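> Chain residues, written in single-letter form:
There are 2 protein chains.
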Amino acid sequence: MINLNQASEELASIFEHIEDNLDYTLDKTEELVKQPSISPESVGIEDCAKIVADYFTDFVCDTSEVVETDGNPIVYGEYECGAEKTLLGYFMYDTQPYDEELWDQPPMGANLVSMDMPDGEVEALVNRGAFNTKGPMVTFLAALRSIKETKGELPVNLKLIAEGEEELGSPSLPGFVESYNDRLSDCDACFFPFFLQDQKGNVDMYLGNKGLVYFELECSGSSWGRGPEEYDIHGSNKAWMDSPAWRMIGALSSLCEGNDILVDGFYENVDPLTRKEKELVEDLAESFDPEPIKEINKVSKFSIDEENTKELIEAYVGNTTLNIDGIWGGYTGEGSKTVLPYKVTAKLDARLVPNQTQDEILEKIRNHLNKHGYEDIEINVLNEGYGWSRTNLEEDVVQAGVETIRDFDLEPRIWPRLAGTAPFYLFSEELELPFTFGLMGHGGKEHSPNEYIIFRGNEKIAGFNRIQQSFVRFLYRYANR
Amino acid sequence: MINLNQASEELASIFEHIEDNLDYTLDKTEELVKQPSISPESVGIEDCAKIVADYFTDFVCDTSEVVETDGNPIVYGEYECGAEKTLLGYFMYDTQPYDEELWDQPPMGANLVSMDMPDGEVEALVNRGAFNTKGPMVTFLAALRSIKETKGELPVNLKLIAEGEEELGSPSLPGFVESYNDRLSDCDACFFPFFLQDQKGNVDMYLGNKGLVYFELECSGSSWGRGPEEYDIHGSNKAWMDSPAWRMIGALSSLCEGNDILVDGFYENVDPLTRKEKELVEDLAESFDPEPIKEINKVSKFSIDEENTKELIEAYVGNTTLNIDGIWGGYTGEGSKTVLPYKVTAKLDARLVPNQTQDEILEKIRNHLNKHGYEDIEINVLNEGYGWSRTNLEEDVVQAGVETIRDFDLEPRIWPRLAGTAPFYLFSEELELPFTFGLMGHGGKEHSPNEYIIFRGNEKIAGFNRIQQSFVRFLYRYANR
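Each protein sequence line maps, in turn, to chains C and U. For what it's worth, numbering that gives the first Met the number 0 labels the leading residue of the first sequence as 0, then goes sequentially. For what it's worth, numbering that gives the first Met the number 0 labels the leading residue of the second sequence as 0, then goes sequentially.
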């Protein structure tokens with residue numbers, strides 16, 4: 000097997016194949032991104048699943064199948080070459096919706112446009128789903144194809160899963176992982192292809208992510224047995240009738256004070272950061288620049304003193320949170336209509352860190368509301384949520400990723416955890432697999448108009464060729480460890 | 000002049016004229032209700048104002064004019080016959096909007112339909128604005144016409160004001176009253192024609208109404224200087240950024256606890272009910288039935304023990320309130336989008352009783368927010384609001400109304416105050432005129448689909464004929480006192 004430390008020549012033929020097939024890779028990327036697969040709107044899902052299944056076998060797999068679920072189908076593929084290690088590849092083929100009017104390029108036109116970046120012009124492919132995450136999927140599959148066509152076989156066996164409900168909170172994935180447990184249990188590690196470079200080419204890597212529980216609180220006269228029960232009534236009745244709106248305010252205010260969560264035991268299962276995680280935070284803190292994060296979010300001040308970058312990063316990585324995502328009730332139109340609202344609803348999410356669980360947090364919030372006399376306030380859990388995931392920096396699959404980034408003369412900034420959510424807990428906690436995601440490449444505006452990925456890079460940002468090179472290097476580095 | 004106590008024969012000719020002209024009155028009512036005059040949507044206002052000005056002179060006035068304002072025109076008319084007393088008549092010609100799909104009859108079709116009432120079938124006229132308040136306006140004008148055409152002149156002089164912005168909070172009326180002060184200052188009392196009977200024919204009269212101040216509270220990252228300032232950002236940022244939504248919850252919860260308002264000095268200018276008002280409450284309490292009020296509002300329980308009807312009525316009449324009319328912010332759609340909202344807005348209203356003032360209450364809320372550290376939360380006053388109004392039961396104009404109801408063998412239930420609002424304070428407090436409103440007649444569903452008034456009544460509910468008779472009796476009773 001190729002040893003990367005001595006064998007750049009042995010990789011040369013693969014890289015040449017990648018270069019020779021750039022148009023093919025671009026064509027296949029364009030084909031996939033132009034196929035709608037908008038899970039929140041149930042558009043194009045079945046057709047896209049079939050294309051992904053074909054890509055699996057066309058590019059690399061021995062077999063692939065479209066597995067029906069209670070929701071959108073999951074595409075499953077296998078490649079077996081008798082290698083020592085088996086890698087589980089995770090993909091998603093669904094995308095967010097788009098509002099065409101807000102786009103500068105057609106959202107499904109796969110237009111190539113030049114774009115200015117800090118270190119020089121690049122050529123970008125603009126399309127919904129290009130970055131999140133059809134571009135990473137196709138470039139990864141194309142890299143596998145280049146290895147297979149030049150070397151005959153891959154350095155690892157593969158089991159590939161592409162789900163079509165990531166934008167819905169992956170409701171069918173847990174059941175799939177359970178029912179396919181026999182076939183997945185012999186995997187050694189999990190990898191999610193993604194583009195981790197920022198606009199300057201820097202790479203942030205993450206050793207896990209937070210979990211999520213998302214629910215609505217509903218305070219209504221009908222549950223309470225006081226105040227209006229069926230519709231908003233004339234506001235003058237406040238003089239002798241109760242207000243579910245004020246009750247909701249009271250209940251919500253009992254949950255938090257400033258940024259402190261007052262729910263009994265909410266923090267009790269929060270593991271403090273480990274010594275190793277703290278070391279990572281200290282490394283990050285040395286060079287961390289809060290300005291770009293403030294600029295992109297239009298936030299002039301963090302909740303933690305930003306001069307103390309260590310505490311700032313510790314908060315991002317380590318804090319469990321209780322957030323109000325939305326609230327509504329009563330008259331919300333123009334002008335001054337006086338009503339006593341019969342119902343107020345709030346959407347809340349809690350971000351979970353090890354060792355919090357979704358069930359535990361929901362139970363504690365229920366107990367808190369009951370203890371404060373709000374038995375009638377309903378908690379409606381909106382989706383299955385996600386558990387947190389965690390992997391160790393020392394794991395082969397993680398180290399292979401780190402070494403690959405270093406192959407490009409970059410030093411990755413390694414974060415103990417991403418504050419966002421992903422279904423990695425199914426792999427890290429259920430299947431007990433180490434995992435990583437990446438690697439080279441840059442994209443932006445996922446979930447927003449003008450989503451893009453970089454096809455031709457500049458000195459700092461990898462284009463499709465260096466992206467695929469990074470996947471090739473990663474596979475050999477992982478196989479060789 | 001006709002003395003009502005001996006002179007039913009002298010009224011007979013007027014009542015005969017009313018009876019002979021019922022079709023004319025109905026025609027003119029239909030004509031006016033079918034003319035749109037939807038102030039919240041600025042539909043048909045100018046045309047309706049012209050019709051009202053014509054009605055004024057056609058029915059009774061010597062002169063009328065359409066007075067332009069910064070908003071919708073006000074129609075002003077005068078009738079002068081050298082009588083001892085001058086009555087100021089107040090009307091509104093604007094209406095609420097309608098959603099045609101929700102109506103059983105065309106909302107602008109002026110259809111006559113039979114309707115079941117507790118004491119027998121009636122014939123109702125269904126149209127937006129019929130009850131609120133074009134029906135009362137036309138039947139009152141028609142009663143004046145019948146007096147004039149049979150007796151040659153009215154027992155009182157008249158100054159008539161019809162505004163076109165009542166549904167918007169009467170923003171132009173204060174300026175009008177001020178600029179027409181010279182002409183209005185010689186009035187002796189104010190009367191607002193309305194239908195006060197409920198479905199069983201009972202009459203509630205009111206000696207005033209509460210005032211109103213209506214405002215929005217806006218809590219935003221941009222005012223606060225913390226949290227997101229321009230748009231909702233990804234929810235995971237809660238780990239290190241502040242939430243304007245939680246801040247709004249904290250601020251609101253500082254304002255009220257249960258039904259107690261915690262704003263410093265909010266209650267300090269509340270006059271306790273006078274001895275006379277308390278006597279009225281005791282009278283009301285003896286026969287007060289809370290069930291219909293609970294039924295119509297779909298409320299199973301008052302905030303005050305309903306067994307104690309005296310306390311219940313005291314609360315309705317005497318309580319100042321702070322009410323949440325609506326609240327919104329962040330993601331309020333389907334499903335589970337995680338955002339950290341940059342802004343939350345709440346609409347609130349305070350109902351004012353003597354001697355609270357709008358400026359005072361707004362200042363106290365501002366001071367309260369500042370004292371609790373919420374200097375950044377903005378208070379946006381949405382309209383001019385209304386002051387409270389109060390008149391004495393002993394006033395001639397009020398007693399004339401009471402006696403008129405008794406002429407129909409009914410005993411009016413007299414409330415010290417309506418919890419709703421109206422611009423009567425301009426007449427009672429600015430012009431210092433006693434006032435009353437009524438009298439016989441029934442209507443319903445103002446502001447709702449299928450708004451109606453009763454054209455042909457039953458044994459208990461007055462139809463157009465007895466409605467007009469009540470206006471005639473009222474005028475003579477008032478003139479004779």
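Just so you know, these hints were derived from the structure itself, not from any lab. Do not take every clue at face value.
Copies of the same chain look alike in the list, so a pair counts if it fits in one copy or across any two.
Said to hold, decoys possible - Only pairs whose alpha carbons sit at most 35 angstroms apart, straight line, appear in this in silico DSBU-like list of lysine-lysine:
hint: 1; residue 1: LYS300; residue 2: LYS363
hint: 2; residue 1: LYS297; residue 2: LYS370
hint: 3; residue 1: LYS363; residue 2: LYS147
hint: 4; residue 1: LYS370; residue 2: LYS293
hint: 5; residue 1: LYS84; residue 2: LYS300
hint: 6; residue 1: LYS363; residue 2: LYS297
hint: 7; residue 1: LYS459; residue 2: LYS444
hint: 8; residue 1: LYS459; residue 2: LYS275
hint: 9; residue 1: LYS363; residue 2: LYS275
hint: 10; residue 1: LYS459; residue 2: LYS297
hint: 11; residue 1: LYS199; residue 2: LYS459
hint: 12; residue 1: LYS459; residue 2: LYS84
hint: 13; residue 1: LYS49; residue 2: LYS370
hint: 14; residue 1: LYS275; residue 2: LYS370
Given the structure is predicted, the values throughout are model-derived calculations rather than measurements.
> Work down the list of hints and note, for each, if the structure agrees.
Results of checking the hints against the structure:
For a Cα distance limit of 35 angstroms, the shortest separation of LYS300 from LYS363 qualifies both inside one copy, at 31 angstroms, and across copies, at 30 angstroms. Taking the shortest Cα distances, LYS297 and LYS370 sit within 35 angstroms of each other only across copies (28 angstroms), while inside one copy they are farther apart (38 angstroms). Proximity of LYS363 to LYS147 under the C-alpha cut-off of 35 angstroms is found in neither arrangement, the shortest distances being 52 angstroms within a copy and 76 angstroms between copies. For the identical chains of this complex, LYS370 and LYS293 are inter-copy neighbours only, at 30 angstroms across copies versus 39 angstroms inside a copy, given an alpha-carbon limit of 35 angstroms.
Taking the shortest alpha-carbon separations for LYS84 and LYS300, neither the intra-copy value of 47 angstroms nor the inter-copy value of 68 angstroms comes in at or below 35 angstroms. For a Cα distance limit of 35 angstroms, the shortest separation of LYS363 from LYS297 qualifies both inside one copy, at 33 angstroms, and across copies, at 33 angstroms. For a Cα distance limit of 35 angstroms, the shortest separation of LYS459 from LYS444 inside one copy, 19 angstroms, qualifies, whereas the shortest one across copies, 69 angstroms, does not. For the identical chains of this complex, LYS459 and LYS275 are intra-copy neighbours only, at 30 angstroms inside a copy versus 86 angstroms across copies, given an alpha-carbon limit of 35 angstroms.
In this assembly of identical chains, the alpha carbons of LYS363 and LYS275 lie at most 35 angstroms apart only when taken from the same copy (30 angstroms versus 54 angstroms across copies). Proximity of LYS459 and LYS297 under a CA criterion of 35 angstroms is satisfied intra-copy only: 26 angstroms inside one chain copy versus 66 angstroms between copies. Proximity of LYS199 to LYS459 under the C-alpha cut-off of 35 angstroms is restricted to the intra-copy arrangement: shortest distance 6 angstroms within a copy versus 83 angstroms between copies. Taking identical chains as interchangeable, the C-alpha atoms of LYS459 and LYS84 lie at most 35 angstroms apart only when both belong to the same chain, with a minimum of 32 angstroms there against 92 angstroms between chains.
In this assembly of identical chains, the alpha carbons of LYS49 and LYS370 never lie at most 35 angstroms apart, being 51 angstroms within a copy and 63 angstroms across copies at closest. In the homo-oligomer, the alpha carbons of LYS275 and LYS370 never lie at most 35 angstroms apart, since the shortest distance is 39 angstroms inside one protomer and 45 angstroms across protomers.
In summary, the numbered hints that this structure violates are 3, 5, 13, 14.
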